[in-house]
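Work the whole structure out from these sequences, hints included.
Protein chains in written order, with this note's numbering: chain W, 13 to 217; chain S, 1197 to 1287.
No lab work stands behind these hints: they were computed from the structure. Even glycine gets a Cβ: it sits at the ideal position worked out from N, Cα and C. Errors might be hidden in some of the hints.
Listed below are the simulated DSS-like cross-link pairs for lysine-lysine, each with C-alpha atoms no more than 27 Å apart in a straight line [claimed, not checked]:
| # | chain 1 | residue 1 | chain 2 | residue 2 |
| --- | --- | --- | --- | --- |
| 1 | S | K1228 | W | K64 |
| 2 | W | K64 | S | K1214 |
| 3 | W | K184 | W | K155 |
| 4 | W | K180 | S | K1228 |
One-sided excerpt, in silico: chain S residues whose CB lies under 10 Å from chain W [claimed, not checked]:
| # | residue |
| --- | --- |
| 5 | F1202 |
| 6 | A1203 |
| 7 | L1206 |
| 8 | A1207 |
| 9 | I1210 |
| 10 | L1230 |
| 11 | G1242 |
| 12 | V1245 |
| 13 | V1251 |
| 14 | L1252 |
| 15 | I1258 |
| 16 | A1264 |
| 17 | S1269 |
| 18 | G1282 |
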Amino acid sequence: MNLRPFLVLIIGILIGYSKIIPKNIIELNSSAIRLALFALFIVIGIDMGREKRLWESLKELKSRVFIIAFAGLAGSLAGGAVASLLTNTPFSTGIASAAGSGYYSITTLMLKEVAGPSQALIGFLSNLLRELIVIVGMPLIAKIWGKAGCVGAAGATAMDTALPFIIKSVGKEIGVLSFASGVIITITVPFIVPAIYRILSSLGW
Amino acid sequence: MDIALFAIALAFGIFIGKNRIAPDWLIERIDKVLTMVIYVLIFLIGMEVGSYREVLENIGSIGIKSIAIALLSIAGSAYFSKLATGRKMKS
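In structure tokens, the structure reads:
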């Protein structure tokens, strides 16, 4: 299991907390993050563009994969709404974090941009946990919700980290569908997370 | 707006990747570049979060909220995806 992102975050937090770095440099941090974010999007694009089988698999699957991906996304939003109610979290933070669908890096960055540090931290933890729980709990998810449930639960991670575990739990024939569903969600997350946060917070939720 | 700029950056990247405009050695290793960029970003975000001390003082409640969001979004997604595909996907 990859805990490196967590360690890197903690090191960053400790350095920020300790105030070792002068304030005027920390203030530059926001522009550095924005710049790195643009670089990240270009790199993600190159990574997607070079995968020929990605575009071919999308053509093949057509409507079924979109149904599974968007139903999964809708389920995340519903789950986020319930979690918000249970834990007394603003809907904007809870639902936007849930929309992250396990794509913790982008969700964290987007929430940092449109919301603030505490929302970003919730976005990070909830999505990193989602990735870990999905991987560990895949056999159980398969038992309760079947093949489509595994793909939906994995969200954005259905294309990479969760893919081997999905195949192990429900079989190889789900591989292409899982991958394509993960791709669709991965493309959607960077846009839907800030949009949901902005809309809900403008409504005062 | 920012989101439009991100979409343009993404489309630009896809264009480069599809047409192999960048050198091959770079395109072949782009997933490693991606991992590095993500780590740099997580580190920067961590520093920013850490510099707001009041955020860390609420880490307990933030942790509970995050666990609830993770578990319920998993259950919601799994249930909705199963529902939407109906009997076709039954194993």
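### Message
Taking the earlier hints as the rules, which of them does this structure contradict?
### Response
Those not satisfied: there are none.
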